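A.B. asks: Chain by chain, the residues run as shown.
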Amino acid sequence: MSMDTQMLFDKKIVIEVSGKNGEADWMLQNRLDALKLAAQLPLPRLQKTNISKWNFTKFEPFAEEVPIMSPDELPADLREFVFVEDKRNLLVQKNASVIYCNLDQSLSEQGVIFTDLGTASQKHESLLRKYFMTDGVRIDEHRLTAIHAAFQSGGVFLYVPGNVQVKIPLEGLFWLSGKGAAMFPHILIVAEAGSRLDFVANFVACRDDLGAINNSVMEVFVGAQADVRISTVNNLNSEAVDVVYRRALVDRNGHLEWNIADLSDGRIVSNNTSHLQGESSNVDVREFALGTGDMKANVTSSVYHLERHTKSNINARSVMKDQASGIINSITKIEKGASKSDGQQSGKVLMLNPEARGDVNPILLIDENDVMAGHAASVGKVDPLQLYYLMSRGIHRSEAEKLIIHGFLDAIISKIPSNALCERIHHIIERKFKS
Amino acid sequence: MSAAPELIVKGLKATVDGKEILKGVNLEVKGGEIHAIMGPNGTGKSTLASVLMGHPRYEVTDGSVTLDGEDVLNMEVDERARAGLFLAMQYPAEVSGVTNSDFLRSAVNARRGEGNEISLMKFIREMDNKMELLEMDEKFATRYLNEGFSGGEKKRNEILQMMMLKPRIAILDEIDSGLDIDALKVVSKGVNSLLGPEMGVILITHYQRLLNYIKPDYVHVFIQGKIVKSGGPELAERLEAEGYDWVKEELGVEDETVGQKA
Ligand SMILES: Nc1ncnc2c1ncn2[C@@H]1O[C@H](COP(=O)(O)OP(=O)(O)OP(=O)(O)O)[C@@H](O)[C@H]1O
Ligand SMILES: [Mg+2]
Chain L
1 MSMDTQMLFD KKIVIEVSGK NGEADWMLQN RLDALKLAAQ LPLPRLQKTN
51 ISKWNFTKFE PFAEEVPIMS PDELPADLRE FVFVEDKRNL LVQKNASVIY
101 CNLDQSLSEQ GVIFTDLGTA SQKHESLLRK YFMTDGVRID EHRLTAIHAA
151 FQSGGVFLYV PGNVQVKIPL EGLFWLSGKG AAMFPHILIV AEAGSRLDFV
201 ANFVACRDDL GAINNSVMEV FVGAQADVRI STVNNLNSEA VDVVYRRALV
251 DRNGHLEWNI ADLSDGRIVS NNTSHLQGES SNVDVREFAL GTGDMKANVT
301 SSVYHLERHT KSNINARSVM KDQASGIINS ITKIEKGASK SDGQQSGKVL
351 MLNPEARGDV NPILLIDEND VMAGHAASVG KVDPLQLYYL MSRGIHRSEA
401 EKLIIHGFLD AIISKIPSNA LCERIHHIIE RKFKS
Chain D
1 MSAAPELIVK GLKATVDGKE ILKGVNLEVK GGEIHAIMGP NGTGKSTLAS
51 VLMGHPRYEV TDGSVTLDGE DVLNMEVDER ARAGLFLAMQ YPAEVSGVTN
101 SDFLRSAVNA RRGEGNEISL MKFIREMDNK MELLEMDEKF ATRYLNEGFS
151 GGEKKRNEIL QMMMLKPRIA ILDEIDSGLD IDALKVVSKG VNSLLGPEMG
201 VILITHYQRL LNYIKPDYVH VFIQGKIVKS GGPELAERLE AEGYDWVKEE
251 LGVEDETVGQ KA
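The listed protein sequences correspond, in order, to chains L and D. If you're matching positions, the first sequence starts at 1 in the UniProt record's numbering and goes up one per residue. If you're matching positions, the second sequence starts at 1 in the UniProt record's numbering and goes up one per residue.
In short, the hints are calculated from the structure, not lab data. Be a bit skeptical, because a hint or two may be false.
[Unchecked claim] Simulated restraints, written as ranges between beta carbons of each label pair:
#1 Val60(D) <-> Lys434(L): 41 to 51 Å
#2 Val66(L) <-> Asn129(D): 49 to 59 Å
#3 Gly196(D) <-> His396(L): 21 to 31 Å
#4 Glu135(D) <-> Asn419(L): 48 to 58 Å
Note that this is a predicted model, so its numbers are computed, not measured. Yeah, the Cβ is synthetic: ideal placement off N, Cα and C, and Gly gets one too.
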């Protein structure tokens, strides 16, 4: 039996989710408030993408998933997405349930927290109350954030205390499994002043597994002088509506990198927004989308410069094949007073078929005179002269196209800190071009 | 494919954007032979090279081209290459994000065919050797294909590809242009290392100098979209000394570029 919209707004389900997550009462109250809002608030308005018919609410009820002792028990398609060394710092979530969580002991001894959100709400209440859906993503932004807040389950709370340098990456693996399944992980990352961390989040499904909904939120707090890198890969099937709202607040001299790969085949809302709210803070946003079949994606990257000497760079690329459609929006806003700031953008789209659609919308909004800002945008097809050159060395047309596409995306992919992750991404691209 | 290669071009005519550039080219090249093609600017030499390779901008309107008896004009560009044609281009394309070595390995493997791919070790060894012979810094293996290469570096890279792919018929379009003397020697060394009955060469050049390093068996003069005169190495020497006026006079031609009335 699948839930329809009416049942979705039934309190009982929310109470049940809350119970399964073993969370504190205040979290349940949050959910109940969110549930009301979900019924009232409109969907977000996305540039050039009509999402009114997309399925955000119909999914199979949550089932209890069995924990695993080791990531080796995961199916092969999933194991390929486990990148962390020795599988030490890894959390695996299947649909609504966290089925594996491990943190290296030396890190926990340094005060690093890496756990699911329910547990965190009990054990680290004050931290969670401070950061969970307060200054980052708010519950009442629109219907999707409200739905997320009502149903969020599993999730990650990652906390790195001041001046702790985490050298090896931590990973969250979010597995959408079973026809009509849904997941609502909430990922909350707090990097205190002077700390360093790498986090990899992968939202994936086994091949041919037709899950329905991923509605995730990532909130990232980068403290003063902290250095944070977040890399995400979304690779869900053609039935899935894949929504991720990412939000970061960067404090004085903080440095943040987003590396975002949108490789899902269905419907995608990929939003990442960074607020540079401390002086001399900076963010690098690298994002790419690859669409095949009937994939439709709306990818919006925003940066708000709120303080002086802040710096941002948004580099977005997309490749659209078949009838796929990708709308890439980049928004850089430099507020009054954020003098000596520098906001750069580059957006490029490659279309492989006449039926494919690609759009780049670079937007610079500047309320301060003493700044630097610029953008470059292009939309085009595979260069026939490049193709000719590669083919003149005996390379088949399809292979030559693939080389050019890998090359086109390399500007983004090569910057991803994990080689294994880069390789995986190249494999996914390869596979998409086989089908 | 061990028999000596043979390329036969007969009455080849071709247009670009509706304008006829090649006006009936005849040429036969066999394994072990080196044919130099010389001619003033804009007469259609590069066009001939491009048409033989299958460049998408050109349309063949008449004539035939066969390699070892196979109809080349019916083949796709990549098929021509796998059949053994190679063109070192005057202006090779740049491909960002694709490393030279990834590209070359794809090309070598395409030539060898599925199931017969070269091992990575062997490939690297071979590429290293050839780069050393061409005095190329090893960083060129990992640089993006031709991106930001200087004129001379691009030429060396074309020859590197030729050495890795071992073509049956190699067309070298102004491989000497923009090369300093040392580079010219190095590039010639690379070409010469491949010479033998297994490969025929078409060498397009403006300068006798190259022919001191790569000795042609035949020299052809290209004017107004076709070969108007053929001879031995002595022809190149006379062209170097006297220019093309005497050829034009012999032919009663005023302007050498294509499109002008004779
Ligand atoms: N797209 C085009 N439209 C019109 N004319 C063209 C086009 N492309 C090439 N041509 C002309 O074709 C003629 C032959 O060009 P080609 O490059 O083959 O000359 P070339 O003999 O190789 O000259 P060079 O010695 O300068 O390299 C030139 O006059 C050139 O301007
Ligand atoms: Mg030329």
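A.B. asks: Between the beta carbons of glycine 196(D) and histidine 396(L), is the distance compatible with 21 to 31 Å?
C.D. replies: At 28 Å between Cβs, range holds.
A.B. asks: Looking only at beta-carbon atoms, does the pair valine 66(L), asparagine 129(D) fall within the given range of 49 to 59 Å?
C.D. replies: Holds, at about 56 Å.
A.B. asks: Please check whether valine 60(D) and lysine 434(L) have a Cβ separation lying inside 41 to 51 Å.
C.D. replies: 34 Å, violated
A.B. asks: The hint says 48 to 58 Å between glutamate 135(D) and asparagine 419(L); measuring C-beta to C-beta, is that right?
C.D. replies: At 31 Å between Cβs, range violated.
Of the numbered hints listed earlier, those contradicted by the structure are 1, 4.
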